Amino acid sequence: MLREITIGQYYPSNSILHRLDARVKIIGALLFIVCLFVFHSPAGYLLSTLFLVSMIALSKVPVFYIFRGIKPLVFLLMLTVLFNLFLVPGKYIVSWWIFHISVEGVRMAVVMALRLVYLIFGTSLLTFTTTPNNMTDALESLLKPLQAVKVPVHEIAMMMSIALRFIPILLEETDKIMKAQTARGADFESGNLIKKIKSLIPVLVPLFISAFRRANDLALAMEARCYTGGKGRTKMKPLQYQRRDYLAFLFFCVYLGLMILTKIVDVKIPI
Amino acid sequence: MDMINASKISYAYERMDEEGNAVERVAALRGVDMQVQPGEFIAVLGANGSGKSTFARQLNALIAPTEGTLYIDGMDTAKEENVPNVRRTTGMVFQNPDNQIIASVVEEDVGFGPENLGLECSKIWERVEESLKAVNMYAYRKAAPGKLSGGQKQRVAIAGIVAMRPKCIVLDEPTAMLDPKGRREVIRTCRALNEVEGVTIILITHYMEEAIYADRIYCMDKGQVRLCGTPKEIFSRPEELAAMQLDVPQATKLGYELKKAGVPVPEGILTAEELVEALCCFH
Amino acid sequence: MLLSLKNVDYYYGKDTVYEVQALKQVSADFAENEFVGLIGHTGSGKSTFLQLLNGLEKPYSGEVLFHGKNIWDRDFNRKQLRAGVGLVFQYPEHQLFEADVISDVCFGPKNFGLSEEEARKRALWALDLVGLEKRFYQSSPFELSGGQKRRAAIAGVIASKPEVLVMDEPTAGLDPKGKKEILDMLSKLRRQEKCTIILVSHSMEEVAEYVDRIMVFDAGSIVFDDQKEKVFSHIEELERIQLAAPQVCYILRALKEKGFAVDTGAITLEAAKQTILEAVKNRPHA
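Each protein sequence line maps, in turn, to chains A, B and C. With the numbering used here applied, the first sequence has no gaps in its numbers, which climb one by one up to 271 at the end. With the numbering used here applied, the second sequence has no gaps in its numbers, which climb one by one up to 283 at the end. With the numbering used here applied, the third sequence has no gaps in its numbers, which climb one by one up to 286 at the end.
Treat the hints with care, since some could be wrong.
What the hints assert, rightly or not - With a cut-off of at most 20 angstroms between alpha-carbon atoms, the simulated SDA-like pairs for lysine to any residue come out as follows:
1) C:K69 / C:L5
2) C:K177 / B:N48
3) B:K260 / C:A271
4) B:K259 / C:L5
5) B:K79 / A:L143
6) B:K259 / C:K177
7) A:K231 / B:N48
8) C:K177 / B:L227
Unchecked claim - Far from chain B, by Cβ distances over 12 angstroms, these chain C residues were calculated:
9) Y60
10) K69
11) R74
12) F76
13) S203
14) E205
15) Q227
FYI, nobody ran anything at the bench for these hints, they're computed from the structure. Bear in mind that the values here come from a model prediction, so they are computed numbers and not experimental data. Don't be surprised by glycine CBs; every beta carbon is placed ideally from N, CA and C.
Isolated chain A, as found in the complex:
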């Protein structure tokens, strides 16, 4: 069950999107999200949709794979839709007992759902096409200016990449410990909440001990391989903008320009 979560995972492929510099992709994803929230005219959404669809097509990630990313957030999505549907006042089209649905409510519900889904799609597209290591390298590079104010940017990036490497290992380990305790008669399903939480102790204690042991081993291994922090380190894969990255930036500028245009010209699209 733990293995079904696809959000935040990397999908190996060799598409143009996979080959783009991770910094470009992060900036692109940020731009997309900002536009999503700033320009909410119908024309704006149309542009966002076009942008997203073309990116998904370029990424070569199967569409069902991207849709699976919503699964863990379905509950949140439903909640948002229901709240908007029933609680936004306006011209009611359906009224029954204490429930009223207004035109504005329907519109808000659709808009909010769309925003959330687009947000998830946009960010998961970023993680699907970028390896964890590229991502941390890019973040390190983008956040470098913060070093001036004593933010340990390299250390944070290193911690992130190690965390990403060990998440699958620890998930597998959790699975194994749960099975081993089940074999000793542990029961994780029945009982009330307190009982359930208590039943997790035999899993959590060994898991923490294992995590600490691994951390200890890893620290020793890193030290043995001459790691002394970010100072004096070189990069095997230094980030360098290529022609395609500049083209991507150009594309983003056009996208932003068009978005601003929808605000100025106020294109009328009847819904």
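Fit chains B and C to the given chain A structure using the hints.
Just chains B and C now, kept in the frame of chain A:
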């Protein structure tokens, strides 16, 4: 110059109770001597708790001796300023392959050491390629470590060390968590590095069969070196080994038993072929 | 029959692109008081097989029967099944969690419904059986040495007095003496408690020495299931699936080729020694 020159090194640490007060002083090493020449293949045998892992950590200057001196390629490991160079000279491979692979892609992990050394980008790639080929894992350079078998992971870890071009590689029970196939792969890799590249190898293990390829074997017990000699010399003394909670390979044991029963078999048989040949010779 | 599997299929990631068939039409029977060795590569399906035996995994098709009852029947109590079929995972010491050894060993028996007092009695019995010294009973399991931790963890399963004890590589990572102690302990347990032991091992010498019957796994199927002597007579087939026979088998074969009248069916050190001594005695000196 000796690759390793340990004279009477001891190491003790304080065991703490829950409040962090020292309860007892544990002596993990008690006067260990070891001289290793460049290019030698050394096996260190010892039961759990015999001090062999503590000794391994000394060789990489992860800890310094509390008594005695340890010189690695002429450098005193107790001197703080030598530590970076000692670590470049002796690379270290640990038991659990999962806990020493840092990156999520094989080639990036192998590049981690050279990156720390501050090498130029093109040099790093050269070394990564070369060391992955040396351990026969080049085909997997883009793979995720999680998808590899135990033996493959351990070879990646070895490549990560080879990429730093150490003169000596210390392997601390590298096969303890592997299946027989993985163990064969790792041992074959060690032997190739020793024979082809001339790297000094210190293999710490408690699998007796892995030690028969060594030039010399050191047997450790309770923090001391009890026996030292060629595999033939060491395995001629199964009873002394048993006293140290160690064992001998099955062919050796059979040869020893036959000899005890009066069959003229020479001492220190190491492999099945040797035993068969010996029996044929006499009959 | 005590425990059996009938035509079991098992898949990982069924109906996804990653679908792998871990077991193909596997059948096996285990009777009372047997000592069975399981050998095969990592990924040959052994681990899945073990987890099917006590209902941790559910077969995709086929049946698992304990005392003739299908363990996946709606009214079958799988929790109690796990008291009857004890499973010790690889590196069991990684599952210790209580503040002291004895409480940890009590965890299983208490889960299976024993009273505090009875669980304690069982724990003391199990700890004595695995040979852990009394002075460690009250200490934290995390302060023990590797071998001691392993024993404490094994005691935690034995304390439920299972009729079938399944062990996944109980000797992994231990030194030669530690290995021998664990295996001797298993033999003793089988003699005393008349339980059935299923042992997974990578060491052919270990298996040849201790078990009676061997099952060989390869690519999700059982390729051999027979008395150990018979299984190890198929050296070529074993090597084809990258396994091997104990070293003495190779020695005896080579001697036979050189004209010694040895019995190549011997698979243990002691038996090999006897047959070689006899052959040497009867052979005129060249």
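(message) Tell me the hint numbers this structure goes against, listed in increasing order.
(response) Violated hints (numbers, rising): 4, 5, 6, 7, 13, 14; every other hint is consistent with the structure.
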